[in-house]
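Asker: Chain by chain, the residues run as shown.
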Amino acid sequence: MKGDTFRRKAVNIGIKFCDIVIPLILAFGVGAIFSLICGCNPFTLYGYIIKRSFLSVGGILNTLGYATPIIITGMATSLSLKAKVFNMGVEGQVFVGAFAAALAGYMITGLPTFLHVTLCLLTAAAAGALYAAIPGVLKARLNVNEVVTTIMLNSIATIVTGFLTQSYLGTGDAYAHTENILQTARLVKLDSKYRCTTAVFIALIIWAFVFFLMKKTKFGYDINCIGKQVEFSDAVGMRVSRKIIWIFVIGGSFGGIAGATEIMGVNYNFVNTFSANPGIGWDGFFACILAGSEPIGVLLYAIVFGALRYGALAAQTGLGVPLDLINIVKSTLVLFMALKLFANHRSAFQDLLTRARKKNKAALTAEGEDVL
Amino acid sequence: MNINLILNLLKMTVEASTPYLLITIGGVFVARAGVFNISLEGCTEFAAFAGILFGFLSGSILVGVLSAFLVAIALNIVFYLFTVKWNADLTVIGCAVNLLAACIPACLLQALFGTRSNLVATSLIDPMKMKVDVPILRSVPVLNSIFNHQTRITYLTFALVIFLIILLYRTKFGIYVRVTGENIGAAKSVGVKTNRIKLLCLLISAVTCALAGLNLSVEELGIYTINMTANRGFICLSAINCGRKEPHRACVYAVIFGFARALQTILNNYVPVAISSLIGILPYVTIIVALLIVEIPNARKNHLRIFRGA
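Residue numbers (the working numbering), protein chains in the order written: chain A, 1 to 372; chain B, 373 to 682.
Same shape as in the complex, but just chain A (with noise of 0.2 Å):
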């Protein structure tokens, strides 16, 4: 019996361990034929990422850099997803909190640094979290489809705040831009040369923060019963409703600060395009479908997408190859893992195993009665 428990733990990690290298070497293999088609060896390119996104220390500065807020964004998208509810919004919540503590960063003066700091990171979980309840009481009350709303909200935090960046806050530039906040406001990079700031811990207070919501309390508890089972859950008494709005809630605040991290501690002003192709709010979005919203998941690829989106800003200007080339390996990369292929047809493949056992074992049986 033993032995058996232990096969089955090994079948098990076994079929987990296919279910990531399998859709990896497809996702690769995918980029390979357009890194080829835009006339470049992709040996070449995947070499070139990795060495400059991994293999030195300025480059593992870069990569947690852009990682940053793509662990906090994808950590807000888990929320919601657990409970499967599918916040696609955000990219705008992302918007609205960058705007926000463009605006705290500036207008408000004469305050000490660490103040200024969380007032700023405030300002923006509080436009997130405001942004995010819109959606939230639209489908917890009234049952409207939250795909389609969040992704209506995406593009009017878009514009909304391109036109009065371009109106109304302008500095006269060439493009279009606020002003620079100030220096009280502006969060400290661990190497001035290098994109990481202090912003990563944040991230990762973050990140322990949703751990330990997930996995340790009575939230988290209803979340996940109510990604399992709507109406069970309605049934046994949560009040589901009212948990769906926090849920909005709490990501679109963790959103706001993803935003706000972007602006504090690297562009220091905002500019419209600053969360651009495919945006901060998607990377987390797909870092966490890819890691099924497990935390450990989600920081892991939320690292290898920083490193991606690092080292395909490298590979532009080194290789000369387009930046949406990683994009294809990432989409491809999320459409092959999402089949789960050896996880939901694990009885179709143990079928196929036991059946050429069977025959394994007819087969030695003959043989023996051949002999005797």
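Heads up, some of the hints might be wrong.
[To be verified] Non-contacting residues of chain A with respect to chain B, defined by C-beta distances greater than 10 Å in every case (computed):
1) 6
2) 18
3) 171
4) 212
5) 273
6) 358
[What the hints assert, rightly or not] Derived list of chain A stretches under chain B, where covered just means 3 residues or more per stretch with a C-beta under 8 Å from a C-beta of chain B:
7) 37 to 46
8) 141 to 148
9) 154 to 163
10) 283 to 295
11) 324 to 335
[As the list claims (entries may be wrong)] Below, a list of computed lysine to any residue pairs in the SDA-like style, where the Cα atoms sit at most 25 Å apart:
12) A:340 - B:446
13) B:457 - A:14
14) A:340 - B:462
15) A:84 - B:667
Hints listed in this document are in silico derivations from the structure and should not be mistaken for laboratory results. Beta carbons: idealized from backbone N, C-alpha and C, even for Gly.
Here the structure of chain A is known, so what remains is to put chain B in place on it, guided by the hints.
Answerer: Frame of chain A, contents of chain B only:
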């Protein structure tokens, strides 16, 4: 109020509603078969891109049109295999397709032509010649200025909408589609091949999405630009939601959203430059308001306590 302005607005409404109507009517079929397909957006984008790209490369519009259909159909077959056949999550796959639609055109344009923003094929396609002059309409005063000189696909759309509504409500196939969406177990128990029904619905939506994409890129402009679909797929999803998956109602909402888009374009000429970029939110706000108006009366009817407003 200037009468010409109103006529112009209505004409632009017809123009803007065409892709909305097409995507919506195809999406209704998919939604009715119980597949929540958010990759309508990506499918349209791919078709728009393929139409211009292959047309430009081969030098013939026909090749472009055919390849747009092929690409859309291939994409939806992939979607069918992944979601219906192999049980992957619908929304996740839809998102991945949408992301692919955002990056593959950009990547190919960069690789083949060295720009990642647009592909101009006006040397091959003259958008002015794409407009059809209908002789019957010429003598009718108001209708002439609204409906005449539209593109071929626009006229095809009206026929297609009527045809597909009849298909859904008056034929055996339509009954199968509706049963599949409402109760898949019941459908299976009476021997309906639900997977095949879902595939056929996805193919219908592939054809309509391809038409919508062709209308956007090949017919209206002769240019492909990145992110040409501009959330039209999601707007049509909300039209389907607003119309409670009934094709005629969904189409009415599609036209309303088309009107919002046309109004945005017209207003752009009349407001100061500073505000003009703000007008862009008009379609989106319209949609959220429409969703609200539709859902508020329904909120009381829901069986679940959670969605009744606790």
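Asker: Just checking, residue 358 of chain A versus chain B, shortest CB gap more than 10 Å?
Answerer: Non-interface label on residue 358 of chain A holds, nearest chain B Cβ at 27 Å vs cutoff 10 Å.
Asker: Going straight from one Cα to the other, do residue 340 of chain A and residue 462 of chain B come out at no more than 25 Å?
Answerer: holds (13 Å)
Asker: Please confirm whether residue 18 of chain A is truly not at the interface, meaning its C-beta sits more than 10 Å away from all C-beta atoms of chain B.
Answerer: Consistent with the label, residue 18 of chain A stays out of reach of chain B, its closest Cβ about 15 Å off (over 10 Å).
Asker: For the pair we were handed, residue 457 of chain B and residue 14 of chain A, check the Cα-Cα distance against 25 Å.
Answerer: Since the Cα atoms of residue 457 of chain B and residue 14 of chain A sit roughly 24 Å apart, the hinted pair holds (cutoff 25 Å).
Asker: Under a C-beta cut-off of less than 8 Å, do 3 or more residues of the stretch 154 to 163 of chain A approach chain B closely enough to confirm the stated coverage?
Answerer: holds (count 6)
Asker: Do three or more residues of the stretch 283 to 295 of chain A come closer than 8 Å to chain B, measuring C-beta to C-beta?
Answerer: That given contact holds, which follows from 3 residues of the stretch 283 to 295 of chain A lying within Cβ reach (below 8 Å) of chain B.
Asker: Examine the stretch 324 to 335 of chain A for residues whose CB is less than 8 Å from any CB of chain B, and state whether their number is three or more.
Answerer: Per the Cβ count (9), the hint holds.
Asker: Closer than 8 Å, Cβ to Cβ, for at least three residues: run that test on the stretch 141 to 148 of chain A against chain B and report holds or violated.
Answerer: holds (count 7)
Asker: Would residue 6 of chain A pass as off the interface with chain B, using Cβ distances and a cut of 10 Å?
Answerer: holds (29 Å)
Asker: Are the Cα positions of residue 84 of chain A and residue 667 of chain B separated by 25 Å at most?
Answerer: holds (21 Å)
Asker: Over 10 Å from every CB of chain B: does residue 273 of chain A meet that, or does the non-interface label fail?
Answerer: Label holds. Min Cβ-Cβ 13 Å, cutoff 10 Å.
Asker: Test the statement that residue 171 of chain A is away from the interface with chain B: the closest C-beta pair must be farther apart than 10 Å.
Answerer: holds (15 Å)
Hint compliance for this structure: every hint is met.
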